[in-house]
Structure formats: C-alpha cells, structure tokens
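Put together the whole structure using the sequences plus the hints.
Given next are the chains, with one letter for each unit.
4 protein chains.
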Amino acid sequence: MIVSTCKFRIRYAETDQMGYCYYGNYPAFLEIGRVEALREVGIRYRELEESGVMLPVSSLEIKYKIPLRYDEEITVETEISELPEGSRMPFSFKIYNENGDIATTAIVVLVFASTKTGKPQLISDELLNILKPYF
Amino acid sequence: MIVSTCKFRIRYAETDQMGYCYYGNYPAFLEIGRVEALREVGIRYRELEESGVMLPVSSLEIKYKIPLRYDEEITVETEISELPEGSRMPFSFKIYNENGDIATTAIVVLVFASTKTGKPQLISDELLNILKPYF
Amino acid sequence: MIVSTCKFRIRYAETDQMGYCYYGNYPAFLEIGRVEALREVGIRYRELEESGVMLPVSSLEIKYKIPLRYDEEITVETEISELPEGSRMPFSFKIYNENGDIATTAIVVLVFASTKTGKPQLISDELLNILKPYF
Amino acid sequence: MIVSTCKFRIRYAETDQMGYCYYGNYPAFLEIGRVEALREVGIRYRELEESGVMLPVSSLEIKYKIPLRYDEEITVETEISELPEGSRMPFSFKIYNENGDIATTAIVVLVFASTKTGKPQLISDELLNILKPYF
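Chains as they are written, first to last, in my numbering: chain A, 245 to 379; chain B, 245 to 379; chain C, 245 to 379; chain D, 245 to 379.
Any given hint could turn out to be false.
Short, incomplete list of chain A residues facing chain D, as computed with Cβ under 10 Å [to be verified]:
(1) N269
(2) A272
(3) E275
(4) V279
(5) R288
(6) Y289
(7) R313
(8) Y314
(9) D315
(10) E316
(11) E326
Taking CB as the label site, the calculated pair distances span [as the list claims (entries may be wrong)]:
(12) D/I351 / B/K376: 52 to 58 Å
(13) D/S325 / B/Q365: 46 to 52 Å
(14) D/I351 / C/K376: 34 to 40 Å
(15) A/S331 / B/V353: 25 to 31 Å
(16) D/E342 / A/P334: 27 to 33 Å
(17) B/V285 / C/G296: 43 to 49 Å
(18) D/I351 / C/E326: 45 to 51 Å
(19) A/N373 / B/S368: 55 to 61 Å
(20) A/P377 / B/S368: 55 to 61 Å
(21) A/E342 / D/S325: 31 to 37 Å
(22) A/P334 / C/I310: 43 to 49 Å
To be clear, the hints were calculated from the coordinates, so they are not data collected in a lab. Please read all numbers here as calculations on a predicted model, not as lab measurements. Backbone N, C-alpha and C fix where the C-beta goes; we use that ideal spot for every residue, glycine too.
Structure (structure tokens):
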C-alpha cells in the first residue's frame with residue numbers, strides 16, 4: 245500500500261461567493277495528491293508523459309462533508325491500496341481541514357494511455373516493478 | 245421531470261497539456277447546466293442566494309468517456325428526475341460532444357442550506373410549488 | 245480595424261468570497277474575445293495551431309473599474325486596431341457590464357510562434373492577406 | 245521595503261495545450277505572493293477581511309518572458325517598495341523559473357475598500373503602523 249500526504253493552503257482564487265472553496269477546485273487538489281504520491285515512490289509524472297505514457301482520468305467521485313475555507317491549510321492524504329492491473333489505476337483520497345477533521349473523501353480512477361494515440365494501454369513492466377514492493 | 249440543455253465552447257483556458265479539457269473543469273460545466281435548468285423553470289439561483297438560500301454541493305460523480313477538446317461546442321443536458329425531498333436536490337447530466345456522442349455522464353447532489361448559518365434546511369414550499377408541476 | 249463583440253454570463257466558479265468575479269478570471273474572458281474576433285474574419289485559432297502556428301501571450305494589462313458579479317451577462321468588445329507587423333499582434337478590450345458601463349479595459353499582446361520550436365516567427369502572408377482588407 | 249519569496253510547483257490543472265502554464269493562472273500566483281508577503285510582516289489577509297477591510301485589484305500588468313511548464317518549481321518574489329498612501333497599495337513581482345531565470349515580471353495595484361459598502365477607503369493607522377518600520 246502507498247500512502248502519501250501533502251499540505252497546502254486554499255487560495256483566494258479558489259473561493260466562491262458562498263465563502264467556501266468552490267467544489268470544482270477539488271479535482272486539482274486530488275491531482276496534486278496523486279502526483280506527490282507517485283513522486284515519493286520515484287515516479288515523476290512529468291517524465292512519464294515525456295516517455296509517451298499519460299494518465300487521463302476515467303472516473304471521479306467526491307463527497308463534500310465539511311466546506312474548506314480561504315487560507316486554510318489542508319492535508320491531502322492519497323492512498324494507492326492495490327497494485328494496478330491492466331490499464332486502470334485507482335486512487336483514494338481524504339482531505340483533512342485545519343482542525344484535522346475529514347472534510348472530503350474521493351476516489352479517482354486513472355487509465356494508462358499512449359500520448360501518441362490517446363488509446364488505453366497496459367501498465368508497463370517498468371512501472372509495475374517500481375510499485376510492486378509496496379504491495 | 246425537468247430536462248434542459250445548454251451549449252457552449254471549451255475555452256483554451258480549460259485545456260491541459262494532454263490537449264484535452266482538464267478533468268477539473270467539468271464541475272463548472274455541470275454548474276452552468278443546473279443554473280440554466282433552474283432558470284428555465286423560473287428560478288434564478290442568484291436571487292435564491294440573495295433571499296438567504298444557498299445550494300452547496302454534497303456529492304459529485306463523473307464518468308469521463310470521451311475527451312473534450314479545445315473549441316468544441318458541447319451540449320450539457322441537465323435532468324432533474326424527481327421532485328426534491330427534504331434538503332437534498334439531485335441532478336443528473338449528460339455532456340454531448342460536437343459529434344453528438346455522450347462524452348461524459350455525471351450526478352451532482354446539492355443541499356439546501358442557509359446563507360447565514362451554513363446549515364442544511366428543508367426545501368421551501370415556495371420552491372416546491374414552482375417545481376411540482378414538472379413531476 | 246476589426247471590432248467584435250461576444251456575450252456570456254459570469255459563472256459561479258468565477259466568483260470569489262468578496263462576491264465579485266475573481267480578477268484572475270478576466271484573462272480567460274479576453275481569450276474568448278480574441279478567439280471570436282478572429283473567427284469572425286475567418287481565422288479559427290484551433291486550425292492555426294493545428295497548422296503549426298501558436299499565439300502565446302507576451303504582455304497583459306487590465307484596469308478593473310467596476311466589479312463584475314455572478315450571473316451578470318457581460319459583453320466583451322475586442323478590437324484589433326492595426327494590422328500586425330513582424331511577430332506581434334496587439335488586441336485591446338472593453339468589458340461592459342449588464343448596465344452597459346465599461347467595467348474593464350485591457351490590452352493583450354500576442355506573439356506568433358512555432359508550435360514545434362516555441363520560437364517567435366513572422367506573421368504569415370496567408371494571415372496578412374486575410375487581415376489586410378480590414379485596415 | 246518589504247521583499248518576500250515563496251515557492252510552489254506549476255499544477256497540471258494550470259497547463260494548456262501549448263504545454264505551457266496558461267497565462268490566466270499567473271494572477272493567482274501573484275495573489276499567493278502578496279498574501280505571503282503580508283503574512284511575513286504579521287498581516288493575515290483573512291483576518292483583514294474578517295475585520296471589514298478588503299483589497300480588490302485595481303490594475304494588473306504582466307510581462308511573460310519565458311513560459312513556465314508543468315511541475316516546474318517557481319519562486320515568486322513580491323516587493324512592496326513604498327509605504328501605501330491613501331487607499332492604494334502597489335506590489336511588484338518577479339517570477340523565477342527552476343533555472344533561476346526571471347520568467348515573468350508583474351505589477352498589481354490593490355485598493356483598500358470596505359467589505360460592507362465596497363467603497364474605497366484610506367489605509368488604517370493600524371496597518372500603517374505595522375508597515376512603517378519596513379520603509
């Protein structure tokens with residue numbers, strides 16, 4: 245299992261006129277979480293893409309439990325709970341607010357695809373070998 | 245049942261370096277869809293909020309089937325399939341690409357809440373009366 | 245001279261907790277304005293880029309005079325006041341609010357560049373010939 | 245004079261299909277820079293707003309010299325070079341890319357305003373007293 249956390253503040257740009265963090269900004273937070281989780285195990289998404297593999301999103305589920313507010317320092321906890329199989333790679337997330345409460349939970353499924361054709365492809369052995377020791 | 249459609253183009257701002265519309269921009273598209281659906285039945289979200297009622301998002305589910313691309317004119321179809329009960333209001337969505345294919349499906353659940361306290365509250369009789377004839 | 249207008253509403257996603265349209269969303273509005281101005285004279289930016297020419301932004305100036313608000317229908321007026329020379333293409337903008345007041349003025353300078361090398365290049369004769377009749 | 249720096253990475257959400265950081269995301273970077281500059285001298289923008297004072301943007305100028313790219317760690321250097329007078333507060337910025345080159349320069353002028361009326365007002369003596377020792 246891979247579990248990784250990162251922290252950052254809600255930007256003013258991300259608020260809406262309710263005074264909350266706009267619900268459409270959370271996918272970008274989840275993206276930061278998974279990029280940092282991959283970085284921790286030695287996979288840099290930028291290099292992955294340069295090598296011809298991209299990871300578009302196939303599905304997204306978010307439960308908004310407690311609103312996040314401007315300037316709050318949030319903690320995104322990203323979990324890869326199973327070794328990816330085939331072309332799918334699921335991630336699950338918890339976002340903690342400044343008080344340490346679970347403000348949000350989310351699941352994102354990525355798909356390995358070719359940057360040239362856009363078509364799904366199997367996860368490479370190279371990546372599998374990097375990930376295996378964690379499972 | 246309320247079904248409403250609106251059309252707009254993917255902005256350059258909404259693309260990412262895969263050359264696709266970034267997955268985090270879809271929630272804003274869904275928001276446009278539901279605001280227009282409400283406008284069609286005579287409810288202006290801006291006025292609702294001015295009157296003290298807001299509709300934060302409780303949950304979001306998106307399935308990304310076909311990528312959307314820059315300058316593509318998309319059609320967002322918003323459906324309210326059941327009369328809201330209690331404090332919840334679910335919407336379902338289909339996004340059609342320029343070829344008329346279903347590129348995305350989504351479900352969003354909103355919650356009626358007070359702009360003053362932030363707490364959930366029951367849908368008002370006034371709103372129910374506007375919505376009832378459609379169901 | 246080319247003058248083009250387009251209209252659209254401020255999205256909820258674009259508000260901030262002041263209750264205004266966030267200042268960082270205006271560049272996307274200006275981008276819509278100039279893409280529509282080019283479309284009106286028969287130039288589709290998407291095709292330009294597919295043909296190997298891109299137009300990154302070199303400089304941006306915005307004066308925020310009157311705040312824009314949620315759901316307001318704004319009018320972006322885009323003006324190309326001189327035939328582009330060399331590799332630079334300046335645009336000027338006025339954004340009108342729902343009352344018809346000038347809420348914002350802006351100037352954006354684009355640069356013709358190669359999508360392959362990223363390097364600036366001269367405007368092509370083909371584009372110049374399309375633009376010339378307007379000046 | 246107040247000079248403050250902060251570092252963060254360009255998000256995937258912030259790229260566009262040119263493969264660059266989209267020009268409309270820079271205002272949010274500048275906002276982070278000035279919020280951190282104020283935090284360093286003991287002013288928390290969130291509290292300022294809670295106390296009834298907000299700082300909407302009056303004007304913005306950006307020069308884009310070198311494109312920023314995905315996952316690049318940028319350094320935003322924010323400078324307040326003169327003690328604010330009246331209701332205006334100008335900030336100037338340099339954004340350094342990962343190589344240490346100046347990728348962007350910018351100037352933003354904020355205006356002190358009342359959160360209740362939206363009208364400009366003079367900078368308070370309390371804020372002036374916090375800022376004075378730096379000039």
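Determine which of the earlier numbered hints do not hold for this structure and return their numbers in increasing order. 11 and 18
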